[in-house]
Every structure is written in structure tokens, then in C-alpha cells.
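Student: Taking this note's numbering, the leading residue of the sequence shown gets 374, the next gets one more, and so forth.
Simulated from the structure, these hints should not be mistaken for lab results. Treat the hints with care, since some could be wrong.
Stated by the list, open to error - Cut-off 30 Å, straight-line C-alpha distance, at most; resulting in silico cross-link-like pairs (DSSO-like, lysine-lysine):
hint	residue 1	residue 2
1	Lys583	Lys620
2	Lys620	Lys533
3	Lys657	Lys593
4	Lys603	Lys533
5	Lys603	Lys620
6	Lys423	Lys583
7	Lys506	Lys423
8	Lys620	Lys506
9	Lys514	Lys657
10	Lys514	Lys614
11	Lys514	Lys583
12	Lys593	Lys514
13	Lys453	Lys514
14	Lys583	Lys603
15	Lys506	Lys453
16	Lys583	Lys593
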Amino acid sequence: MQTGSQQPLQQEFDSLSPARVANRREFVAGLVASGFALAVPPVAAQSVIKTPADGLVAGTVEIPAGDITLRGYRAMPAGKGPFPVVLVVEEIFGVHEWIQDICRRLAKVGYLAVAPDLFARQGDPTQYDTIPKIFENVISKVPDAQVMRDLDAAAAWAGKNGGNAARLGITGFCWGGRITWLYAAHNPNLKAGVAWYGRLVSAPSELSPKHPIDLVGEIKAPVLGFYGGKDQGIPVDSVEKMGAALKAAGSRSEVRIYPEADHGFLADYRPSFNPAAAADAWPKALAWLQQHGV
Numbered sequence: 374m375q376t377g378s379q380q381p382l383q384q385e386f387d388s389l390s391p392a393r394v395a396n397r398r399e400f401v402a403g404l405v406a407s408g409f410a411l412a413v414p415p416v417a418a419q420s421v422i423k424t425p426a427d428g429l430v431a432g433t434v435e436i437p438a439g440d441i442t443l444r445g446y447r448a449m450p451a452g453k454g455p456f457p458v459v460l461v462v463e464e465i466f467g468v469h470e471w472i473q474d475i476c477r478r479l480a481k482v483g484y485l486a487v488a489p490d491l492f493a494r495q496g497d498p499t500q501y502d503t504i505p506k507i508f509e510n511v512i513s514k515v516p517d518a519q520v521m522r523d524l525d526a527a528a529a530w531a532g533k534n535g536g537n538a539a540r541l542g543i544t545g546f547c548w549g550g551r552i553t554w555l556y557a558a559h560n561p562n563l564k565a566g567v568a569w570y571g572r573l574v575s576a577p578s579e580l581s582p583k584h585p586i587d588l589v590g591e592i593k594a595p596v597l598g599f600y601g602g603k604d605q606g607i608p609v610d611s612v613e614k615m616g617a618a619l620k621a622a623g624s625r626s627e628v629r630i631y632p633e634a635d636h637g638f639l640a641d642y643r644p645s646f647n648p649a650a651a652a653d654a655w656p657k658a659l660a661w662l663q664q665h666g667v
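Take the sequences, apply the hints, and build the full model.
Tutor: Below is the structure:
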């Protein structure tokens with residue numbers, strides 16, 4: 374594990390200089406080159422932090438997952454492994470350039486990071502131009518049980534392709550934040566997780582029978598959950614309820630709220646990007662994974 378390499382990544386948040394930031398045209402070009410596309414909503418932002426792939430092995434991979442082969446994006450150091458593994462769980466927009474950049478950021482500090490396309494069976498979010506359409510046509514049709522199996526498949530693939538399966542972590546964003554909590558209750562081999570503004574409380578459904586608040590007593594690996602105090606979709610009281618439940622259960626997991634941050638505050642390509650919250654949370658996320666053996 375490469376220690377002491379967090380500083381360059383921290384500087385990306387501290388100073389969004391032209392040398393480190395791609396404009397929208399470069400962003401879209403990167404999507405095409407990588408084989409993944411991006412739905413219209415997130416491209417509203419004009420710039421993203423661009424983490425270079427020099428010193429890395431990075432690109433599209435194929436992951437056997439039962440009845441299908443999932444496409445995914447993998448980044449890892451170019452040196453000798455095996456490397457600790459972090460599963461990266463997408464937002465509702467799919468494995469777009471920002472998710473790929475997260476993989477590269479993790480690879481820069483010594484991880485094999487892999488983001489599988491968890492919507493492959495239900496559809497392609499990039500084919501829809503509004504968030505309601507993405508939810509209606511893709512997200513609402515994705516069963517939690519299927520996602521757990523596909524993440525197991527991605528972890529197994531990583532363990533055979535340069536990763537150390539005994540040092541397994543997970544991180545996810547928005548939709549993927551909720552999935553991170555669920556996976557921590559699902560996989561006894563997981564070492565730690567970091568959930569970014571994932572939904573905690575909701576009514577059960579056939580495809581999503583339980584939510585993080587229902588699984589507090591089953592969480593096997595410590596999860597650090599980051600939330601924004603101004604997030605209109607995830608009320609602060611639901612985050613506080615989760616925190617209280619974790620404490621009552623004696624869990625090693627915890628939640629942290631950034632009062633001035635909104636939903637998606639780490640996503641530097643979105644208007645909701647909060648540089649101060651992002652700069653504080655990212656190194657804490659890396660420290661959490663390292664602290665718990667990933």
C-alpha cells in the first residue's frame with residue numbers, strides 16, 4: 374500500500390487549477406474514449422477534476438457475473454501486486470467519467486479500484502435525458518439481491534486480476550451510497566466501507582425489501598457515511614436516526630454531516646460540489662479504509 378500519496382490528491386481539491394481541470398469538451402471526449410457514456414443531467418457542470426492514468430493500469434474490463442458479463446472500469450498501480458481492492462458503486466448515471474476518475478484517485482494511493490456496471494441487465498441510464506426517466510426506466514427495476522451478487526462477482530474478479538481479496542473495501546455515491554450500507558451487511562469478508570450521501574430510510578418494496586436503517590444489527594464491516602446538511606432528498610433527521618441506531622447497537626460504523634453541504638458534494642462536475650466539504654471528507658475516507666485493513 375502506498376502511504377503518504379494522499380497529498381497530491383488533496384491538492385486537487387484545494388486548487389482547481391486549469392492544469393488539473395478538464396473542460397466539458399474534454400470530459401465528454403473521455404467518455405467516448407473509455408467506452409462509457411453519460412446521461413445529460415450531470416454534464417451541466419463545466420469542469421471536473423482530472424486524475425491522470427500515468428503510473429496506472431486503467432481501462433474497461435469484463436467481469437463474469439452469472440448469466441452475463443458485466444462491463445466495468447478498473448484502475449490499479451502499474452507495479453507488482455496484489456493490491457487491496459475497493460469496489461466503486463456508481464451513481465444513477467452509470468459508470469461515467471467521474472466514477473472512473475474516482476477509481477484512478479484510489480489507484481493513485483495504492484488500490485485496485487473497480488466499478489462494475491450494475492445496471493447492465495435493466496438498461497442504460499445514458500439513454501435518458503432526465504433523472505425521472507432514469508429512475509422509471511432503469512433504477513426502479515434493479516433488485517438489491519442482484520446487485521449484491523454482482524458485487525460479489527466483481528470482488529471475486531478483482532481477487533484473480535491483481536487484487537488482494539483479503540483486503541476488500543467498498544465505496545459508493547448517491548444510489549451507490551445506499552448500496553454500500555447494504556453490502557456491508559451482506560458480505561462477511563468486507564473490511565470497511567465509505568458511503569456517500571446514500572438513502573438510509575424508505576418504505577420496503579419487492580426489489581428493495583430492506584434499507585440501511587433496517588440492517589443496523591447485521592452490518593458486518595464498519596461503514597463511514599458522509600451526508601450533507603442541506604440535502605433535500607435525505608433529511609438530516611434520517612441521518613441522525615441512523616447514527617443513533619448505530620450507537621445503540623454498539624456498531625463500529627458512524628455517520629458524519631457537513632451542515633453547509635448539499636447532496637453530491639464530492640462530485641466536482643456537479644453544481645452541488647462543495648470544495649470545503651470534499652477536501653475534508655476525502656482524506657477521512659482514505660484513512661477510514663486504511664484504519665480498517667483495506
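Student: With reference to the structure, classify each hint as holding or not holding.
Tutor: Checked hints:
1. As the CA atoms of Lys583 and Lys620 are separated by approximately 20 Å, the hinted pair is consistent with the 30 Å bound.
2. Pair hint Lys620 plus Lys533 does not hold up; C-alpha atoms about 37 Å apart against a cutoff of 30 Å.
3. At roughly 20 Å between alpha-carbon atoms, Lys657 and Lys593 fall within 30 Å of each other, so this suggested pair holds.
4. For the suggested pair Lys603 and Lys533, the alpha carbons sit about 42 Å apart, so the restraint of at most 30 Å is broken.
5. A C-alpha spacing of about 23 Å is found between Lys603 and Lys620, which places the hinted pair at or below 30 Å, so the restraint holds.
6. Between Lys423 and Lys583 the CA atoms are separated by roughly 36 Å; this puts the pair beyond 30 Å, and the hint is violated.
7. A hinted pair counts as satisfied when its Cα atoms are at most 30 Å apart, and Lys506 with Lys423 qualifies at roughly 29 Å.
8. The suggested pairing of Lys620 with Lys506 is violated, with an alpha-carbon distance near 38 Å, which exceeds 30 Å.
9. A hinted pair counts as satisfied when its Cα atoms are at most 30 Å apart, and Lys514 with Lys657 does not qualify at roughly 33 Å.
10. Among the hinted pairs, Lys514 with Lys614 is consistent with the structure: their alpha-carbon atoms are about 28 Å apart, no more than 30 Å.
11. At roughly 15 Å between alpha-carbon atoms, Lys514 and Lys583 fall within 30 Å of each other, so this suggested pair holds.
12. Restraint check: the Cα-Cα separation between Lys593 and Lys514 comes to about 27 Å, which is no more than 30 Å; the hinted pair holds.
13. Distance check on the hinted pair: Lys453 and Lys514 sit about 40 Å apart at the alpha-carbon level, beyond 30 Å; violated.
14. Among the hinted pairs, Lys583 with Lys603 is consistent with the structure: their alpha-carbon atoms are about 25 Å apart, no more than 30 Å.
15. For the suggested pair Lys506 and Lys453, the alpha carbons sit about 44 Å apart, so the restraint of at most 30 Å is broken.
16. As the CA atoms of Lys583 and Lys593 are separated by approximately 16 Å, the hinted pair is consistent with the 30 Å bound.
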